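Asks: One-letter residues, chain by chain:
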Amino acid sequence: MWLWFSKLGSPRWFYELSNKWLPWLYVAMMVLMSVGLLWALLFVPEDYQQGQTIRIMYVHVPVASISLACFPLMAVAGTITLVWKMKLADMVAKSVAPIGAWFTGLALASGAIWGDQIWGTWWAWDARLTSLLIQFFLFIGVIALRSAIESQDAAAKACAILAIVGAINVPIIKYSVEWWNTLHQPASDFSMDPVAPNPPEVWVPLLIMISAVYVFFVIALILRTRNEILQRERRSQWVIDLVSREKSV
Amino acid sequence: MKPHRRKKLGIIVFIAVGLSTAIGLSLYALSNNIDLFFTPTQVAAGEVTPGQRIRVGGMVKEGSVEHSQEVLEVSFITTDYNHDVRIQYAGILPDLFREGQGIVAEGAMAEDGTFIASRVLAKHDENYMSVEVKAALDAAGNTPGMPQGVMQ
Chain A
121 MWLWFSKLGS PRWFYELSNK WLPWLYVAMM VLMSVGLLWA LLFVPEDYQQ
171 GQTIRIMYVH VPVASISLAC FPLMAVAGTI TLVWKMKLAD MVAKSVAPIG
221 AWFTGLALAS GAIWGDQIWG TWWAWDARLT SLLIQFFLFI GVIALRSAIE
271 SQDAAAKACA ILAIVGAINV PIIKYSVEWW NTLHQPASDF SMDPVAPNPP
321 EVWVPLLIMI SAVYVFFVIA LILRTRNEIL QRERRSQWVI DLVSREKSV
Chain B
908 MKPHRRKKLG IIVFIAVGLS TAIGLSLYAL SNNIDLFFTP TQVAAGEVTP
958 GQRIRVGGMV KEGSVEHSQE VLEVSFITTD YNHDVRIQYA GILPDLFREG
1008 QGIVAEGAMA EDGTFIASRV LAKHDENYMS VEVKAALDAA GNTPGMPQGV
1058 MQ
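So the sequence lines, in the order shown, correspond to chains A and B. All residue numbers for the first sequence refer to my numbering, where the first residue is 121 and numbers rise by one. All residue numbers for the second sequence refer to my numbering, where the first residue is 908 and numbers rise by one.
Pulled out of the complex, with its shape left as it was, chain B reads as follows (with noise of 0.2 Å):
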């Protein structure tokens, strides 16, 4: 290679490099800001002022969906395993929505603890099977591969 063509080469993988470390630290900065929700185990620690607008996110725990009778309202517990938090909604739900599933909610804490949703997005995990071989799974009673949760 020429000298001044192995110079120019030179000058941009510097200025490439130089720009990825810069971009990359910042983005490393403000990767809190970057992540779409809390976890249940952020709120536990703290980190959610009351009323400050935020998305929590993690699985519907079993067992925990709680429908109201007589309006569009209903209660469950969003875990990730470690800890829990309760949502309450009023509104539709998604279709993917039912319990162990990855849910994202828009909302605030209550000064009680619960999350008020304005706005409930049902999460899709990365498994991808037809219904007979999902059936075929369950029978024989694990699901291997399965991750456990959204949170990677």
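So that you can see chain A by itself, here it is in the shape it has in the complex (with noise of 0.2 Å):
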């Protein structure tokens, strides 16, 4: 187990291995966000309450939950780093953190247009929302800080540290609307029944669009850490023999 870890943090070893998952990351994502956008913008059926508005659901829920776990994957890849001092880590936390601050801002778009039909309004200084407000804020803040710091080793740390204690955040974010009373309605509970509140008419393409979305953020995930790879690796043996083959080909 042991050898495996140390392997996984080789990015060479991520880079070769990674290029092998990358086709089928690219057809499962195109089958389930084909799949999922259709069945949601085509067939889920018109909402009771809420009429067609309900299928900007399909992009929010997905948006929202992605963005609230690039936090902890951020924070756990700090802690590799720092602990471990992993190289690949370090290259993963990196590219998370852009990805994160976009899902968090469509999170917050996709809200703020469904709140402005539902709720009247398209901001309120509710718990979920300015405690998701507050995430993106440290996504940006984690992307300066990095780049504010010249020396790599130094802006790892600084960062790992930052994306440590921003996770605290993530648990409020989650729990905000039941710890507090907001504006936000809280989680649903989803039913087997097709004759109950929240269907499967509703929430299995929920779950197929929140997969699509899944897929397609690791890809994003990928694709940026293999540039990081490629970028700070550019003096070593392999990145040279395999920008040479390249150019050959």
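Fair warning: there could be bad hints in the mix.
One side only, chain A facing chain B, incomplete, derived with CB under 7 Å [what the hints assert, rightly or not]: (1) I238; (2) I284; (3) S308; (4) V315; (5) N318.
Covered, in the sense of this in silico footprint (three residues per stretch, anywhere, with C-beta under 8 Å from a C-beta of chain B), are these stretches of chain A [claimed, not checked]: (6) 136-145; (7) 244-252; (8) 297-305.
Simulated from the structure, these hints should not be mistaken for lab results. Remember, it's a predicted structure, so these values are computed and weren't measured experimentally. Backbone N, C-alpha and C fix where the C-beta goes; we use that ideal spot for every residue, glycine too.
Relying on the hints, combine the two individually framed chains into one complex.
Replies: Now the structure itself:
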């Protein structure tokens, strides 16, 4: 197990392995995304309260759930960087930050569009909205911190600490709708019963959309990390060989 | 695990636990300020001073909505099923506003105990279903699993 762990930490090994994963991930994303989008946009029945506005949920919930996964991922990568000094962990941490910022921004934007229709306002300073806005600023802060520190090792350490500290916000976002009274509704319980609130016809397409956006996220993360690997290892022999091989083709 | 790594991991865990506790305690202390709105029960308990700008949240009580015939003014009762607050509002209500719906009103208490709202927002619950499913549930006479209100 430890051998596997140290192997995974090798950027070269990850670069070569991810090359084999990517085509499968592309196929999975295309299938899930087209099924999910068509289903959610065309075939999900109108909601009894919201009408067509319910379709925003099929974008909002996936991007929001992934934005919440990005921060813990960055914190775990940061911990690995601080404790084991694994090179790959910091590359992942650096790559996930802009993706997390985008997903958080999209969650805020899609939520605002929905809220404007349903609540009658696009913004309220309730605990859920505010804590997610804080997460958006934390992502921006991590990106800014990294670009502000010139030394790569020092930047990695500083960002790792900010990521670990900032991850405390994640459970606050998650449980804000239960701990305090908010404008945002709490999470729904899915029902297996077709004649009940939140029946399968509502949540099955949502589950497909969540998986589709997750696969998209994994692809984006792998591509960014591969970029980072080539950038940082540009002086090592295997990258030089790889580039010369690409050129000769 | 090598001793120096174990030590580092220990420091990180210690800092994370310490900070979480500190933040948790401050959030707990501030929970009244983090809540978006006061419930009718809190209003009844006298937690609100008249004139102070606040939000009140609850369900629109069945049969309590009275629209003015001449002007765009509406009066209704919001309830958490323990206490009621009468709300007066002049303005456009959100589409989702109806009896039995959760709402949040922004404004201030008048001396006579009515709440003068300057804005009314609709709260959406966590139940999503099609028109057909809702009709079938209503026909069956009950809506299983439907929580009573906006107050969790």
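Asks: Take the hints in turn and mark each one as holding or not.
Replies: Structure-based check of all given hints:
no.: 1; hint: I238; verdict: holds (5 Å)
no.: 2; hint: I284; verdict: holds (6 Å)
no.: 3; hint: S308; verdict: holds (4 Å)
no.: 4; hint: V315; verdict: holds (5 Å)
no.: 5; hint: N318; verdict: holds (6 Å)
no.: 6; hint: 136-145; verdict: violated (count 0)
no.: 7; hint: 244-252; verdict: holds (count 4)
no.: 8; hint: 297-305; verdict: holds (count 8)
Hint 6 from the earlier list is the only one contradicted by this structure; the remaining hints agree with it.
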